[in-house]
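Given the sequences, and given the hints that come with them, work out the whole structure.
Okay, here's what each chain looks like letter by letter:
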Amino acid sequence: MSNDGATENGTIEKVSIIVSKGSLEGIYPALIMANGARAEGIEANLFFTFFGLDAIHKARHEHIKLATVGNPGLHLATWAGGLPGMSSAMTQYMSHKMDQLDIPPIPEFIEMIADTGAGLYACQASVDLFGLTRDDFIDQVKDIITVGEFYSLAAGGQIIFT
Amino acid sequence: MASKVYDGTEVAVDGEGFFTDPQQWREEMAPQIAAECGIETLTEQHWQVVKFMRHEYAEKGTGPSVRALSKTSGVTIKELYQLFPKGPAKLAAKIAGIPKPRGCI
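Quick mapping for you: the protein sequence lines, in order, are chains A and B. According to our numbering, the residues represented by the first sequence are 1 to 162, in order. According to our numbering, the residues represented by the second sequence are 1 to 105, in order.
A hint or two may mislead.
The list that follows gives simulated cross-link-like pairs (lysine-lysine, DSS-like), each with its CA atoms no further than 30 Å apart [unchecked claim]:
#1 B:LYS71 / A:LYS14
#2 A:LYS14 / B:LYS100
#3 A:LYS65 / B:LYS71
#4 B:LYS86 / A:LYS142
#5 B:LYS51 / B:LYS100
#6 B:LYS86 / A:LYS14
#7 B:LYS60 / A:LYS97
The set of hints was computed from the structure by calculation and includes no laboratory data. These numbers were taken from a predicted model, which means no experiment stands behind them.
And the structure:
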């Protein structure tokens, strides 16, 4: 009988979080979930796929932007969101607000999460698709794995897709 | 509301075992609480963190998050998770007899 990765008393013991987006608002929730899990003593893995790879990409992880076009949650008119410089301006504004709340920038946050003992993995298929190599990624990435290997890693715990 | 006995004294704890009244805590209780959390011995570094938690609680009315803990206590994130594998801010707060810190970072 399956228990959905929960123990006898219903607590979560492990979470494996998929990061598939490359925008600021697409990446942060996964990081907060992973860091929060570790703080509760829950084992955590982060699996970066598709544009999520930017978060662990040495040349790109400092340049993650907020999506300002076609992002209804921003309550910003599409034409305004598409103006030159708007994405950078909004990203800077958002980063400033997060800094005030002591929410670290993505590179620092990911390094912190790796320090907590969480596993960081890149998706083999996406790596092939974008023509990337191990050298493109930050040192904290444990391995480049396939979806099947991810499922093995995640076994016995919860899987969260972001 | 429940209660537990540490060092021969009865203290009030919440559903998760955190002290509801930090004033009831005594240093002698820390090793016993730690043992319950799976930490058999409290080293110098453990004590450094525990004392820091109480200090922060006394000053700010709440314990720090793991990140705040690493930035101000002088113990790194890696070290914190080695000392308290099942969640540093959570465990250190329990051992220090202060309420569980609320926060998302």
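Quick rundown of the hints versus the structure:
The hinted pair formed by LYS71 of chain B and LYS14 of chain A meets the criterion: a straight-line CA distance of about 26 Å does not exceed 30 Å. For the hint linking LYS14 of chain A to LYS100 of chain B, the alpha-carbon distance of about 21 Å falls within 30 Å, and the restraint holds. Of the supplied pair hints, the one linking LYS65 of chain A and LYS71 of chain B holds, its CA atoms being roughly 27 Å apart against a limit of 30 Å. Between LYS86 of chain B and LYS142 of chain A the CA atoms are separated by roughly 21 Å; this keeps the pair inside 30 Å, and the hint holds.
A hinted pair counts as satisfied when its Cα atoms are at most 30 Å apart, and LYS51 of chain B with LYS100 of chain B qualifies at roughly 15 Å. The suggested pairing of LYS86 of chain B with LYS14 of chain A holds, with an alpha-carbon distance near 12 Å, which does not exceed 30 Å. Distance check on the hinted pair: LYS60 of chain B and LYS97 of chain A sit about 22 Å apart at the alpha-carbon level, within 30 Å; holds.
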